[in-house]
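Enquirer: With the sequences and hints as input, model every part of the structure.
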Amino acid sequence: MLNYNSPIKDSKNYSEIKISEVETTAKINLRGKNRDFITKVGKELSIIPPTDPNTSSGNDSLNILWLSPDEWLIYSNNKIDQKNINDLEDRLYNSISKVKIGSVSNVTDHWVMINLKGAKVYELLSAGCPFNFNKFKNLKGAVTQTLINHTDVIIHNKNNNDLNIFVRRSFSNHLWSWMNDSAKFI
Amino acid sequence: MFLINCPYCGERDQSEFSAGGEAHIVRPKQPTELSDDQWAEFLFMRKNIKGVQFERWNHAHGCRKWFNMIRDTSNDKIHAVYKMGEKPPTK
Amino acid sequence: MSKNLRILNNKFIDQTSRISFKFDGKTLYGFKGDTLASALLANNIHLVGRSFKYHRPRGIMTCGSEEPNAIVQVGKDHSMTEPNARATEIELYEGLEASSQNCWPSVNFDIGAINNFFSPLIPAAFYYKTFMWPASFWEKYEYFIRKSAGLGKSPTEPDKDIYDHRYLHCDVLVVGGGISGIIAAKMAAQNNFNTILIDDKNNLGGTTIFQQNECFKINNSFSNEWLKKEIESLNSIKNLTIKTRTTLAAYHNYNYLLARENLTDHLNLNEKKDKIRQRLWKIRAKKVIISTGAIERPLIFNNNDRPGIMLSSSIKKYIDYFGVKCGQKISLFTNNDSTYETAISLSNSGVNVNSVIDIRDKSNSSIVKNAEKLGIKIHWKHTVINTNGYKKINSIEIMKLSDDGNGVIGKKFKEECDCLGISGGWTPRVHLFTQSGGKLKFRDEDNVFLPDKSELNQVSIGSCNGDFELNEIIKNSVSSINKFLKVNNNSYENLEIISSKEVDKKNIWLLPSDKPLGKTKPFLDFQNDSTAKDVKLALAEGFKSIEHVKRYTTTGMGTDQGKLSNMHALGIIAEIAGVKMGELGTTTFRPPYTPLTFGTIVGRNVGEFFDITRKTPIHDWHVDNKAEFENVGQWKRAWYYPKKNENMHDAVQRESKAARDSAGILDASTLGKIDIQGSDASEFLNRVYTNAWSKLEIGKCRYGLMLNEDGMVYDDGVTTRLGENHYLMTTTTGGAANVLSKLEDYLQTEWPELDVYLTSVTDQYATVSICGPNSKKILSKVIPDLNLSDEEFPHMSYKNGLINNIKCRVMRISFTGEHSYEINIQSSYGKSVWEKCFEAGKEFNITPYGTETMHLLRAEKGFIIAGQDTDGTMTPVDLQMNWIISKKKYDFIGKRSLYRSDTIREDRKQLVGLLTDNPNEVLEEGAQIVAETNKKPVEMLGHVTSSYYSPNLKKSIALAVVKNGKNLKGQKMFVPMKNKIINVTITDTVFLDKENKRLNAKL
Amino acid sequence: MKNKYSIFSLIKNAFSYHENWQRAWRDPEPKKEYDVVIIGGGGHGLASAYYLAKKHNITNIAVLEKGWIGGGNTGRNTTIIRSNYLWDASAGLYDHALKIWEGLSQELNYNIMFSQRGVMNLAHNLQDVRDLKRRTHANRLNGIDAVWLNTEEVGKFCPIINTSQNIRYPVLGGTLQKRAGTARHDAVAWGYARGADAMGVDIIQNCEVKGIKKNGDSVEGVETTKGFIKTKKIGVVAAGHSSVIASMVDLKLPLESKPLQALVSEPVKPIIDTVVMSNAVHAYVSQSDKGELVIGAGTDAYLSYTQRGSHDVVEGTLKAILELYPIFSRMKMLRQWGGIVDICPDASPIISKTHIKGLYFNCGWGTGGFKATPGSGDLFAHTIANDEPHKLNSSFNINRFVSGDLVDEHGAAAVAH
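Chains as they are written, first to last, in our numbering: chain A, 1 to 186; chain B, 187 to 277; chain C, 278 to 1280; chain D, 1281 to 1697.
I should point out that these hints are in silico values taken from the structure, not numbers from a laboratory.
Quantities reported herein were computed from a predicted structural model and do not represent experimental measurements.
Errors might be hidden in some of the hints.
Below are the EDC-like pairs computed for lysine to aspartate or glutamate, each with C-alpha atoms no more than 16 Å apart in a straight line [stated by the list, open to error]: (1) A:K135 to C:E960; (2) C:K1240 to D:D1368; (3) C:K796 to D:E1299; (4) C:K669 to C:E692; (5) D:K1570 to C:E1001; (6) C:K1240 to D:E1299; (7) C:K857 to C:D723; (8) A:K100 to C:E1001; (9) C:K417 to D:D1685; (10) C:K1138 to C:D1265; (11) A:K79 to A:D60; (12) B:K269 to C:D723; (13) C:K1213 to D:D1368; (14) D:K1549 to C:E1001; (15) D:K1532 to B:E208; (16) B:K215 to C:D448; (17) C:K549 to C:D354; (18) B:K215 to C:D723; (19) C:K417 to D:E1299; (20) D:K1570 to C:E419; (21) B:K269 to A:D60; (22) A:K135 to B:E197; (23) A:K98 to C:E1001; (24) B:K215 to C:E1027; (25) A:K33 to C:E419; (26) A:K100 to C:E1027; (27) D:K1510 to D:E1500.
Expert: The structure is reproduced here in structure tokens:
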């Protein structure tokens, strides 16, 4: 057996903010430019990748986040075992990369997902994030890529005051400790 | 801190971007055909305009797309942004 | 004494809660709501500091951020003391300790005051004209100059306080909570603009909130009562956030503003604990309304700097707001009507006003009439020509002004006083407006600079826009706001406003005295001790520009940044130079508006959060196994693993030997990894690397060198072909982000026709590298199913594998010259795989090694490290790596630069090996190489780039770059050190196993 | 000849209430023609005029300044002077300047307050150590007084530096050049102006150059806001505005003009008596005679002529300052400002002829030009007078960007370009 080691393995509660790492959701990076690509992804996943900037699409199990005009991040809502992640990757890889209409990269471990929940999550973000959340706040499904305290992140507005934040694994401990530090002063 | 309108993502803080210098300096298609002087012109010589200049920016901490910007370097006012490969707006 | 300086029943000060504090060691008392300045004044203390240059006694002069004199040291604790705090801004708290600065032994008896005696010898900028002999003595003079300069003392221990930041985005930001700001905030919020109102004081209301005068009424109420109701009505308005104790520090382009919120400075020592001291708000506002008010001007006359001489409006604030009498016998000196408000307030509070000395011929405004009605004596067309009293003013000398205002006439007379209020008119606070890039215009009528054009979405209202009278302030503010917000709010339209109107105006920048200017001391900049004489001197010496005068005389360079002095300096320059002030222009106001604590600017980005720390998935194992770490960019990399009693050298020697003798294991997870897919992937690699890629077979790896367009080596790494259209590129640890962004740049801008996609997967994989003669055996234990035969799995190839059902990629590549494998597996299993390899390798004494050993091992093989053996000036040819430059390719990044006249020179510096004659002598990295030892200066031919003691070769080895090095093999050279010369010989760069036997050994 | 400045002249003038001091320089209207016109009245331009007059006997010179002399980067820099550069060419150039600095107050009869308080450069990672040691070795062999200090010695020389090994990027050592230090920036411009004026040089302020007139391949004169001025030789010393002048003759230079920011704290009693620079933890600081901490921030990556930069740069610098000097947390920033620095790709300057006869450029000093002022002026004067570079500036020609023979000083430049 190989032991699974996520970088944070923790969850913390502060007044009106809960911060937790969400383990083993599948994450796949998609890139592609033409209509074929969009159609193919739609066919494979039954979700059309959004073409509007800063938005997402999804169903009960998967989300597709817009990252750029030719780049998307897929992630699963729930914990998935390794085999299913591989299957998903293979399926997309074979129907997209193999036929030269785009690229498919497994980034399940590249990104760490941190969930922020509570009435004061935006206050926490405002301690280190230059992004204007005034509109974002009220748009369920909104996506942004920005910086939190100098660290690159992808933020997905999952629900009212319920955010999923993606940070590169090697940065995750640092961001985690920054978030916990900042939460103390909210 | 500028407020930059990324042509893909919309208005964002300058800290999400990186500057890439003068725009529309096309990399020569046949460098070997160039004289040392001509190659130096491509490599190093810059207009360095005081006034309205065309330049490249990258939304490095956002969509990672490069785009062009028309900016007045004498007061930092951004007149327009446009995507790579597009013609500069004429207004 | 203190008792009779307080008046009772004051609205703003809680006289039921007494606060004790210490000033210069003496315990004193004040009340909640006091500032340090008001509490000192209530204790009849005016003298609080000494001036910068002449060490003249100086007293509290103002009640705000423009204070030049009352600058004190707060706190005694070595870590928490704060220099140069303005007594006028410090809110009193229990236990506050403050002391005077820039005096020794005490503010009452200051040795430095001898400078005042020497003042004739030290005019403006005297230091440029002397201290030049003897030539070597400047540092000795300087020692004394430095000691006598400076104001307060820096803390000597780290700050224990915490600071943080907040970003804030709003529709409308209103700066300044005086009457116009309050109206603006209310109008904006009522019209559904998300509005923030900030004010630097602890209460809103500005000066109107304590303006209770018959001459200023709104709808039949006193202006203060009307405003109080307005402020109360703010509570029920949505969309409005009010922040008090918040100072706008900087107004940058694109309506980006920085405001400092003071959270704990007013709290007592116990309450402060563990709280954020100050918070920096980084505000992005769609619209900005500036309503920062105006600063009262002093008057410039002989000896206008004595303790007890104060701005007239400040005396009014001390009596009306703080309930403190600044004196018992107060004289007032003015050129405008506003002083009469002070006179009336004093008179109403029972303070004896000696007289008002007014330089004007007359004024018929209602406020002056009211003052006269109260029996206040007015000396029209008079001026103060001198003041007396060393540590506190005790009298003034008065004379009549000549008709042209240039001289004085008649008999001088004396007036006893213990306080003199002065008012030279008002200066709109346009600092923020100009900081934002706005241009000013000049209004001749009352000599003020006003906001004119701005590129930003902003407006100035109220007295900072030149509206000084109540009715103007309200009417003009309302119409400006309506226009600015494009709304039509008429709730203020029908107000009935009574406001005294000033018609008679007169201004004299430098007031005459009965003595020649040279014999007087009319101070302009109180803190920096620059006088009108100094300005005259500067002009006489040819310093024409306002900036020259400012720098030559240091006027406006103090901690108040010329808030009081700038206008007079300009006025005097304009007068002497005979130009209009509007043409002269003004100096630039630079951020911050008031001094901003470093800690506040930095926020939480201290200590742990100074910079990001990146960790590999195996990091914890290294920590558990006592690794020392090296910073590589933001990464923490295991550097070496000392065992008990081992120093770095011992550990590295042991690790290096073990890796070659049996097996070593290295965490290589930090290398950048870029997933490359697309039908043009091979063509893309052809263009970015110097060598050819099209023919690389699937399943094979190749080393690549990447150049800059200038032909210099930029990065290197191994790229593996995973599929027909699929490659995995590795980059150096430090270069990862830059390489990806550079490649994206080429794809997006130069080669958009290429069908290639790049995705960073650096953090997706942990990379465990096992090397050494036993690496194969170890790997076969870890992945038993993998066929490791040289035929199936040769050097520079890769295989997919499964470790306990988890997919991994194994590359057979080597940076050490040993047979070695790199396992790439999902990061979450990295540590577990590492442990598994370690377990499997135990029987072979598998030894974890860090970056230092890695560097040593590769140096034995002559492999370069980009950034250590290259420095941005080395081409691949210089590295003697001609083999990696494809001759067939038409173009690649940097190719053309390799054929410039300098880059084709034969005698460029080239990478070589160096061996020391004494095999035990290890060269210092960075040491220079010369061919001769007795010439001076000697030509430096190159330097040592990498140097180690090789335990495998049992001798010292080094890599170096040497001019024409490739033709000098076998030549003797010298490495001159500070105290010895080391003899070396130039060799090949490969020291160990030139034939690659180790790599190809049948294991 | 001007009245000599000395303690005696101060005493003498005290009797007349300092009302009889002579002008430091005249305020002439431009003549119709000059032998040499220098465009730019900063330190380098004024020094160039001074040495042309003093060493080359050319006194019919105008220095044209569009604003007030010394108002550009001369009056905006952090006044650090040192010569510990890596390559022979740079070491030669900057040490030539340093040697002139050492006697400059006396030469100019103007106290420019050159204070040889030492400059320390800190290393924070292993590559820093290699690079700084390499520079120290090169300096020593070039006769420049730089030495390597280990961490303990760094702490001894400047005790307020946090030399704890537990910080994010601990100090691993540093170099010290004791002859290095600071000078009073305004005084340098004023001293050279006074000296040049005394030899007959016309310093013309508020005179902006609007065009350069050429006849074939030679210059004929300059169009200015004060009219046309005829001349056969033009020396351009316009720093951040060099490209603007170059564009008047359709010349492109390898320059980018970027904002460089600096700041000072409120004045305090002496707390640091040397200059400390750190490239990796980007902070450099010294304390002025007035008591202000003088702190150099970085450049922004974008081009701008606004003399304003981003707040992030200031924040980044102060963050580094507090990392190295946690005792400064309660100090307060009094004033921040920006200058426009013209940066060459190799972080080295250009002191060069051009392909246009009579047109010379002295530019590209980037973030570190102040320290070179006297040397730059001297060598530029030589180049203009002889139409030939001095051997000390022969490497700093424009042609190096064609041949590729760059003088890469990114490591030694104060600010990472």
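Enquirer: Kindly indicate which numbered hints from before are broken by the structure, ordering the numbers from low to high.
Expert: Violated hints: 1, 5, 6, 9, 12, 14, 16, 18, 19, 21, 25, 26; rest satisfied.
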